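J.: What follows is each chain in one-letter form.
Protein chains: 2
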Amino acid sequence: MKLHITFFVLLLLSAANGGKILVWHTDGSHWINMKPVLETLVDRGHQVTVLVPSTSMFMNSSEPSRFRYEPFNVSVSMEFKKKFIEEFLLFSIYEVNHMSYLQIYNKFIGFIRTNMDYFLKFLHRVVKSETIMKKLKKGNYDVLFADPIYPGSDLAADMLGIPLVFSLRFSLAHNWERMCGQLPAPPSFVPGIMSKLTDKMDFSERLWNVLFYALQDVVMRNLMWRELDKYYSEVKGTPTSACELMGKADIWLMRTYWDFDFPRPLLPNFKFVGGIHCKPAKPLPEEMEKFVQSSGDAGIVVFSLGSMVKNLTTEKANMIASALAQLPQKVLWRYSGEKPKGLGSNTRIYDWIPQNDLLGHPKTKAFITHGGTNGIYEAIYHGVPMVGIPMFGDQPDNMVHMEAKGAAVTAKLKFMTNESLRDAVNTVINDKSYKENVMRLSRIHHDRPMSPRDEAVFWIEFTMRNKGAKHLRVQAHKLTWYQYHSLDVLAFLLIIDLLLIFILFKSCSFCFKRCCSRKKTKRKAE
Amino acid sequence: MKLHITFFVLLLLSAANGGKILVWHTDGSHWINMKPVLETLVDRGHQVTVLVPSTSMFMNSSEPSRFRYEPFNVSVSMEFKKKFIEEFLLFSIYEVNHMSYLQIYNKFIGFIRTNMDYFLKFLHRVVKSETIMKKLKKGNYDVLFADPIYPGSDLAADMLGIPLVFSLRFSLAHNWERMCGQLPAPPSFVPGIMSKLTDKMDFSERLWNVLFYALQDVVMRNLMWRELDKYYSEVKGTPTSACELMGKADIWLMRTYWDFDFPRPLLPNFKFVGGIHCKPAKPLPEEMEKFVQSSGDAGIVVFSLGSMVKNLTTEKANMIASALAQLPQKVLWRYSGEKPKGLGSNTRIYDWIPQNDLLGHPKTKAFITHGGTNGIYEAIYHGVPMVGIPMFGDQPDNMVHMEAKGAAVTAKLKFMTNESLRDAVNTVINDKSYKENVMRLSRIHHDRPMSPRDEAVFWIEFTMRNKGAKHLRVQAHKLTWYQYHSLDVLAFLLIIDLLLIFILFKSCSFCFKRCCSRKKTKRKAE
Numbered sequence: 001m002k003l004h005i006t007f008f009v010l011l012l013l014s015a016a017n018g019g020k021i022l023v024w025h026t027d028g029s030h031w032i033n034m035k036p037v038l039e040t041l042v043d044r045g046h047q048v049t050v051l052v053p054s055t056s057m058f059m060n061s062s063e064p065s066r067f068r069y070e071p072f073n074v075s076v077s078m079e080f081k082k083k084f085i086e087e088f089l090l091f092s093i094y095e096v097n098h099m100s101y102l103q104i105y106n107k108f109i110g111f112i113r114t115n116m117d118y119f120l121k122f123l124h125r126v127v128k129s130e131t132i133m134k135k136l137k138k139g140n141y142d143v144l145f146a147d148p149i150y151p152g153s154d155l156a157a158d159m160l161g162i163p164l165v166f167s168l169r170f171s172l173a174h175n176w177e178r179m180c181g182q183l184p185a186p187p188s189f190v191p192g193i194m195s196k197l198t199d200k201m202d203f204s205e206r207l208w209n210v211l212f213y214a215l216q217d218v219v220m221r222n223l224m225w226r227e228l229d230k231y232y233s234e235v236k237g238t239p240t241s242a243c244e245l246m247g248k249a250d251i252w253l254m255r256t257y258w259d260f261d262f263p264r265p266l267l268p269n270f271k272f273v274g275g276i277h278c279k280p281a282k283p284l285p286e287e288m289e290k291f292v293q294s295s296g297d298a299g300i301v302v303f304s305l306g307s308m309v310k311n312l313t314t315e316k317a318n319m320i321a322s323a324l325a326q327l328p329q330k331v332l333w334r335y336s337g338e339k340p341k342g343l344g345s346n347t348r349i350y351d352w353i354p355q356n357d358l359l360g361h362p363k364t365k366a367f368i369t370h371g372g373t374n375g376i377y378e379a380i381y382h383g384v385p386m387v388g389i390p391m392f393g394d395q396p397d398n399m400v401h402m403e404a405k406g407a408a409v410t411a412k413l414k415f416m417t418n419e420s421l422r423d424a425v426n427t428v429i430n431d432k433s434y435k436e437n438v439m440r441l442s443r444i445h446h447d448r449p450m451s452p453r454d455e456a457v458f459w460i461e462f463t464m465r466n467k468g469a470k471h472l473r474v475q476a477h478k479l480t481w482y483q484y485h486s487l488d489v490l491a492f493l494l495i496i497d498l499l500l501i502f503i504l505f506k507s508c509s510f511c512f513k514r515c516c517s518r519k520k521t522k523r524k525a526e
Numbered sequence: 001m002k003l004h005i006t007f008f009v010l011l012l013l014s015a016a017n018g019g020k021i022l023v024w025h026t027d028g029s030h031w032i033n034m035k036p037v038l039e040t041l042v043d044r045g046h047q048v049t050v051l052v053p054s055t056s057m058f059m060n061s062s063e064p065s066r067f068r069y070e071p072f073n074v075s076v077s078m079e080f081k082k083k084f085i086e087e088f089l090l091f092s093i094y095e096v097n098h099m100s101y102l103q104i105y106n107k108f109i110g111f112i113r114t115n116m117d118y119f120l121k122f123l124h125r126v127v128k129s130e131t132i133m134k135k136l137k138k139g140n141y142d143v144l145f146a147d148p149i150y151p152g153s154d155l156a157a158d159m160l161g162i163p164l165v166f167s168l169r170f171s172l173a174h175n176w177e178r179m180c181g182q183l184p185a186p187p188s189f190v191p192g193i194m195s196k197l198t199d200k201m202d203f204s205e206r207l208w209n210v211l212f213y214a215l216q217d218v219v220m221r222n223l224m225w226r227e228l229d230k231y232y233s234e235v236k237g238t239p240t241s242a243c244e245l246m247g248k249a250d251i252w253l254m255r256t257y258w259d260f261d262f263p264r265p266l267l268p269n270f271k272f273v274g275g276i277h278c279k280p281a282k283p284l285p286e287e288m289e290k291f292v293q294s295s296g297d298a299g300i301v302v303f304s305l306g307s308m309v310k311n312l313t314t315e316k317a318n319m320i321a322s323a324l325a326q327l328p329q330k331v332l333w334r335y336s337g338e339k340p341k342g343l344g345s346n347t348r349i350y351d352w353i354p355q356n357d358l359l360g361h362p363k364t365k366a367f368i369t370h371g372g373t374n375g376i377y378e379a380i381y382h383g384v385p386m387v388g389i390p391m392f393g394d395q396p397d398n399m400v401h402m403e404a405k406g407a408a409v410t411a412k413l414k415f416m417t418n419e420s421l422r423d424a425v426n427t428v429i430n431d432k433s434y435k436e437n438v439m440r441l442s443r444i445h446h447d448r449p450m451s452p453r454d455e456a457v458f459w460i461e462f463t464m465r466n467k468g469a470k471h472l473r474v475q476a477h478k479l480t481w482y483q484y485h486s487l488d489v490l491a492f493l494l495i496i497d498l499l500l501i502f503i504l505f506k507s508c509s510f511c512f513k514r515c516c517s518r519k520k521t522k523r524k525a526e
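Quick mapping for you: the protein sequence lines, in order, are chains H and V.
For the first sequence, the residue numbers in our numbering are 1 to 526.
For the second sequence, the residue numbers in our numbering are 1 to 526.
Bound conformation, chain H alone:
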């Protein structure tokens, strides 16, 4: 065993003879999640170069950093981007509550269209810029590492002729993983992401899941693939399927694991590395530690609605404040809006909190969260039960996962009263099952052969060492959908069966006729 450990440690330390990694641009929590892997890659002697657009909320090429940056100009202004996000949040959190299904659908489609248009503008400034592409080619990169949420990395990897590693949280109803990555996802026990279903479904839920998959596939086909196919074909000068190019990715690093997600079929080139960014807690700033310690045995509650939602309506903020005021715990609330009325002496508001360090603090009893994957993973890592106030995107679905695993209670912002929020926090603190369940998830999270970050780094380095990972790629990629499901074979067997039945029937009827006619002839003769 010692020999194997030594071999393993050597392998981990050996790759230090520097590879060159190109990182596709991204933003928001996607960038937060990518950074720890890139930091580790730099620690291990690799050169990391990040493509950074001139319009980015989280990436900044002028900041001093251990990464190299490859900036590129985009024709989308920061104002436009901020306005788009604000509008999207307003729609997702508030407007959606007062709209008909048709209005919601139309508005949602509008957002996807704008988003797609804006993504293509970004992509255009990379693959159609001679300067950038020349630089990237000259860079002789060993691998392109990308979160495919910002499309085009597959096209760029193809043009540069280098392997591609994806880091992905999810696509709508697993459309990309299923259709392009060939990941099996039987709708009977793999709930579509954002369907708010679990892996235990009754008939009506399975029906809804099938329809959900089908609907999302139609939406993706019409709003994304069609546009991308057109653009890719134009750039490459030959009919090109964007989904096929995406399917050429060597490794898909999926940012979930069986602590958070429901177990499901996978493929050899899909690695589940949820919780990449998690790390032990560091000590808190002195002032904050004092406040935390003042909570005594009651402990503290950590409250954040994530990096996107800065403010709430005054009414909602006041209601939340008065709910928190009723808790015996001290509360640390990340909030940038005006000070709400009725804020209790037990609650302190902060522009920013060291969320991971707070969640890892022994005094922490509960986490009130918007239900983003990063925050949930920190809570799982440290074993803190949750109260979810999901806002948009995958957040409601994420909270369904945590509720199904008995580690959280969800409060819907629309219907939330100060009593229901207070009761929810009290429940996850006082009902011991929540703590027990989240501790079970925490054990699952920690008790695996390799930490998620090391596993992600291993497969990126593997792809560099071996110039790809073709041996992990299933032949399903070469089959049409009806071949994949053996429908042509079944149709053939059905035809053979029918033919046999037909021949049997004809033979019988022929014999029967012969028999009858003989009898008739006999009778006539008689």
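Rather than coming from a laboratory, the hints here were simulated on the basis of the structure.
Be careful, since some hints might not be right.
If several chains are the same, the list does not tell them apart, and a pair holds so long as it fits within one copy or across any two.
Claimed, not checked - Within a straight-line C-alpha distance of at most 27 Å, the following computed DSSO-like cross-link-like pairs (lysine-lysine) qualify: (1) 513 <-> 121; (2) 519 <-> 20; (3) 121 <-> 230; (4) 467 <-> 435; (5) 230 <-> 412; (6) 196 <-> 478; (7) 513 <-> 310; (8) 520 <-> 81.
Here the structure is a predicted model, which means the values were calculated and not measured.
Following the hints, complete the assembly by docking chain V onto the known chain H.
T.: Just chain V now, kept in the frame of chain H:
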């Protein structure tokens, strides 16, 4: 990263506070493959107790060992077992060549029946023996570790109320993995084991694969599951599905990996740990090393037909000897029969050879093998191209895998001439592509996050630590086959569609009639 490595090393070394592992009886290469894992478990402070039947070819409870033994008497004599194996080998290697398909089928079915009967006799002496079951219950084992090729471990685990970990090479057409373990295996790109197909199939091959799956499923249903269901139900006193019990296994350690097998869908509780028994080569005995060194630049060829086949017919042995005599290499041949005529001075015959040490010797140029998985894995581990002379069981299929990956040439014993064998050996030595391909497989084998043995040990210990691994188990286990494939949902949608079409049609025809009758009335009125 250092922190993670330390954590990992600590984790690997931590489990030393001894669990108790019960090992199900097995035999032949299955026992060879299990032993290294058990040795490692003992190294790590666990107590390993092995169930050993009084009739066993490879297990011996009276030998001094680091394992504890739990012997049990069986009503099958050693003579019967040896005779059965001899008859099976004679049939598989020689008789099969002169038989019609119907004769082969009947004989094969006969063998399966006898085998099943003999397996049940073994099982009976465990689960129906009060003494043994009392001892096992008193043992307070943390896990039952079993190769399911010898049935009943699932029943015993259920009766003892302990978790179950399987170590399995394969079942016929993946019947157990698919039907009981819920492992997805689309026949369009997952060739059935023993079908001699690869993952690249044209229409006729896909057709054959579908039929092969279906045929094996029928055979398994009639010859195995029916018998087992009856026996399990009798033992438990309640209707019991043996397949359902098998599906309750916490972890399936599959003894292949993507160096040997074709990539395919998997499940979170299926771990692919092919090559568990592989290890670095040790120095050869002095006399043997001298002979090997005398080969000069030409190098050596290692030749073994495995532990089961001791002799060949005189005719075949002579033919092989004269083929080997024509090689420029020195040949080390494991063979217990009479000295063949025409044996060259370059060939030495041994009753037993240190196969792994020879394959790891720098002078080794090629390996002539019967194509057993253990031998193939040693060749992959050390990067030695192969010539296969497959005999029976999975061996022909294994060689198809190695041929498809460009690491071997297969010679069929039936048609083999001394020229064809000589040419095959010369080809894999002189055509550089074979060495390159097997070296590629060797890199795939070695370049993974954890050695297969460590991974197997990790998951056995995980199961002990966590009293099972329920979080890796898909909900598909709770679905019927038509629910799994959403056929009930599709049927419902079809009915709704047909109803809608019917209503539309009726409405149209009603309107049409109304319209016509009005016109008629109008015309009459006119």
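J.: Give me the numbers of the hints this structure contradicts, sorted from smallest to largest.
T.: 1, 2, 5, 7, 8
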